[in-house]
Amino acid sequence: MSMSERKTIDLEQGWDFMQKGIMKLKNILEGLPEPQFSSEDYMMLYTTIYNMCTQKPPHDYSQQLYDKYKEAFEEYILSTVLPSLREKHDEFMLRELVKRWANHKIMVRWLSRFFHYLDRYFIARRSLPPLNEVGLTCFRDLVYKELNGKVRDAVISLIDQEREGEQIDRALLKNVLDIFVEIGMGQMDHYENDFEASMLKDTSAYYSRKASNWILEDSCPDYMLKAEECLKREKDRVAHYLHSSSEPKLLEKVQHELLSVYANQLLEKEHSGCHALLRDDKVEDLSRMFRLFSKIPRGLDPVSSIFKQHVTAEGMALVKLAEDAASNKKAEKKDIIGLQEQVFVRKVIELHDKYLAYVNDCFQNHTLFHKALKEAFENFCNKGVAGSSSAELLATFCDNILKKGGSEKLSDEAIEETLEKVVKLLAYISDKDLFAEFYRKKLARRLLFDKSANDDHERSILTKLKQQCGGQFTSKMEGMVTDLTLAKENQTSFEEYLSNNPNADPGIDLTVTVLTTGFWPSYKSFDLNLPAEMVRCVEVFKEFYQTKTKHRKLTWIYSLGTCNISGKFEPKTMELIVTTYQVIFLTSCFLVLYTSFFIFHFSFLSLHILVWMSIYLRIVVFCFQ
Numbered sequence: 001m002s003m004s005e006r007k008t009i010d011l012e013q014g015w016d017f018m019q020k021g022i023m024k025l026k027n028i029l030e031g032l033p034e035p036q037f038s039s040e041d042y043m044m045l046y047t048t049i050y051n052m053c054t055q056k057p058p059h060d061y062s063q064q065l066y067d068k069y070k071e072a073f074e075e076y077i078l079s080t081v082l083p084s085l086r087e088k089h090d091e092f093m094l095r096e097l098v099k100r101w102a103n104h105k106i107m108v109r110w111l112s113r114f115f116h117y118l119d120r121y122f123i124a125r126r127s128l129p130p131l132n133e134v135g136l137t138c139f140r141d142l143v144y145k146e147l148n149g150k151v152r153d154a155v156i157s158l159i160d161q162e163r164e165g166e167q168i169d170r171a172l173l174k175n176v177l178d179i180f181v182e183i184g185m186g187q188m189d190h191y192e193n194d195f196e197a198s199m200l201k202d203t204s205a206y207y208s209r210k211a212s213n214w215i216l217e218d219s220c221p222d223y224m225l226k227a228e229e230c231l232k233r234e235k236d237r238v239a240h241y242l243h244s245s246s247e248p249k250l251l252e253k254v255q256h257e258l259l260s261v262y263a264n265q266l267l268e269k270e271h272s273g274c275h276a277l278l279r280d281d282k283v284e285d286l287s288r289m290f291r292l293f294s295k296i297p298r299g300l301d302p303v304s305s306i307f308k309q310h311v312t313a314e315g316m317a318l319v320k321l322a323e324d325a326a327s328n329k330k331a332e333k334k335d336i337i338g339l340q341e342q343v344f345v346r347k348v349i350e351l352h353d354k355y356l357a358y359v360n361d362c363f364q365n366h367t368l369f370h371k372a373l374k375e376a377f378e379n380f381c382n383k384g385v386a387g388s389s390s391a392e393l394l395a396t397f398c399d400n401i402l403k404k405g406g407s408e409k410l411s412d413e414a415i416e417e418t419l420e421k422v423v424k425l426l427a428y429i430s431d432k433d434l435f436a437e438f439y440r441k442k443l444a445r446r447l448l449f450d451k452s453a454n455d456d457h458e459r460s461i462l463t464k465l466k467q468q469c470g471g472q473f474t475s476k477m478e479g480m481v482t483d484l485t486l487a488k489e490n491q492t493s494f495e496e497y498l499s500n501n502p503n504a505d506p507g508i509d510l511t512v513t514v515l516t517t518g519f520w521p522s523y524k525s526f527d528l529n530l531p532a533e534m535v536r537c538v539e540v541f542k543e544f545y546q547t548k549t550k551h552r553k554l555t556w557i558y559s560l561g562t563c564n565i566s567g568k569f570e571p572k573t574m575e576l577i578v579t580t581y582q583v584i585f586l587t588s589c590f591l592v593l594y595t596s597f598f599i600f601h602f603s604f605l606s607l608h609i610l611v612w613m614s615i616y617l618r619i620v621v622f623c624f625q
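The sequence shown: position 293 = 293 (the numbering used here), numbered continuously.
Hints are computed from structural coordinates only; laboratory data are not their basis.
This structure is a prediction, so every number in the text was calculated from the model and none was measured.
Just so you know, nobody snuck in bad clues.
Listed next, with one range per pair, are the computed distances between beta-carbon atoms:
#1 E146 with K174: 20 to 28 Å
#2 V343 with E495: 40 to 48 Å
#3 D433 with A239: 52 to 60 Å
#4 S157 with S219: 26 to 34 Å
#5 K572 with H551: 43 to 51 Å
#6 D456 with G405: 16 to 24 Å
#7 Q161 with E87: 18 to 26 Å
#8 D16 with Q63: 13 to 21 Å
#9 K374 with G470: 16 to 24 Å
#10 K20 with A239: 40 to 48 Å
The calculated lysine to any residue pairs, modelled on SDA-like cross-linking and capped at a C-alpha distance of 25 Å, are:
#11 K424 with D281
#12 K308 with A263
#13 K210 with R152
#14 K235 with Q187
#15 K320 with S388
#16 K442 with D456
#17 K476 with S559
#18 K24 with K70
#19 K99 with S157
#20 K226 with E247
#21 K145 with S79
Idealized CB from N, CA, C, for every residue including glycine.
Generate the whole structure from the sequences, applying the supplied hints.
Have a look at this one:
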């Protein structure tokens with residue numbers, strides 16, 4: 001049938017038919033006996049709207065139908081929905097509201113289908129609010145605006161009941177709060193202004209009351225346990241029924257009331273505050289303290305300050321203990337005092353291990369606590385003990401580990417670990433150059449007198465020092481180690497020279513260590529009246545060295561030389577290890593005895609005359625460019 005042949009439907013007739021369909025929908029929503037809509041029912045209703053909107057003017061009733069669509073919702077809300085809500089209170093009102101909101105959305109969905117032609121053409125051309133929005137707006141303006149205050153208060157009351165340990169219907173709260181979100185149709189204004197603001201205010205008041213009692217009744221660990229549990233439960237509430245956007249605001253309120261307000265009182269509690277937790281090594285409680293106070297603005301500042309004070313106090317106690325021990329040993333041997341200093345360094349290392357573990361574990365590697373640890377160790381690590389600077393103590397401790405026969409009997413792995421820790425301590429020493437000087441002198445003695453227990457450990461600590469302090473810091477030390485390697489190669493060349501030139505052999509086993517002046521500590525050089533045999537040794541080596549280079553000056557450091565003397569006293573053989581000075585003295589004495597007592601004490605002299613002496617001479621010599 002064409003439009004010209006179709007019978008015109010007037011407004012009253014058409015609307016009467018639509019009212020029957022709307023009434024059927026209302027009855028279904030109210031639970032009254034009513035058959036469901038069939039596809040034919042739906043098509044009849046849709047077609048009626050279509051026909052009334054496509055008739056020629058003045059029978060195009062699009063605007064009137066748009067208005068009546070809205071009136072249908074208003075009439076249903078005013079006659080049925082609001083009366084049912086007004087007669088209920090508290091949780092019963094909330095349940096009714098959830099039911100009515102669900103029914104309303106169903107009604108919007110069905111009516112917007114019946115009136116769908118309006119959405120497609122009339123509304124689009126006129127830029128009017130779509131049917132779905134009109135339906136939701138009716139509920140907002142008539143139901144929500146009247147009841148949102150009562151609803152908000154009922155929800156907050158249930159939340160407080162749950163905080164007190166009562167069981168509540170969380171699903172109900174979730175459905176109610178979803179209404180606050182959905183009624184905004186994409187905006188959070190209604191949820192935030194009509195519910196969230198009051199909920200946050202109530203939360204602050206609730207936890208303010210709780211905190212004022214707990215701070216008086218509970219120890220610091222117990223208080224923190226309660227605070228952590230409260231925060232956990234509030235997060236759980238967000239997960240179950242509050243909107244996710246509420247979480248940071250809600251937790252901030254709880255943290256402020258439980259932690260920020262009482263931070264100083266909590267940390268300074270006499271028998272259970274931060275000082276006590278550190279003193280008693282309450283690792284779990286300290287970890288909890290960090291977790292809680294890291295959540296509030298500048299909350300970690302006082303915690304790190306107390307940590308610094310505590311570590312400083314423990315370090316100063318070690319210094320005093322070492323000083324007292326050294327004072328008690330003054331009348332005794334110096335090596336006993338040295339042993340006390342070794343114990344002191346070991347205890348400082350143990351202290352650093354302990355509190356570095358606190359920083360890494362309890363305080364989650366936070367930079368604030370690394371800074372506190374650094375400043376604390378700087379405070380006491382630069383204190384001297386028994387007249388020795390901290391730089392000297394560390395250098396001596398390293399020497400004791402690295403030299404043969406040191407008091408520290410450790411495995412290779414333990415030595416490496418200990419050296420790593422010593423280098424970490426060096427970071428706290430203000431005068432690192434002083435440490436370098438002490439270390440260089442002790443390294444020189446280990447290298448020159450063959451006192452180093454393990455070359456790998458020597459190189460390892462230099463690598464660690466280089467990483468910690470830079471290449472310039474270790475350049476001379478590395479040069480010393482390299483010098484020794486080159487000196488050994490030089491000695492091999494010298495021995496080959498002697499084997500190729502038998503006439504040059506001085507008759508004494510001679511080892512000369514040639515070193516570079518710039519790398520080594522300065523040593524005084526004295527001119528000595530050497531025995532003829534030793535003069536011969538020096539001359540032979542000079543001749544050899546000139547075959548290799550003619551542009552370097554050799555300075556002989558006799559004070560660093562040693563001699564191995566084997567004496568055969570019938571029937572015994574004795575070996576003496578003496579310095580170069582001592583061997584010169586011994587040979588001089590031998591000549592004096594021989595000259596003075598040959599006639600008068602022959603029998604005595606015979607003991608000396610029968611001595612056969614073989615000398616192994618080792619001399620250090622520095623070369624200059």
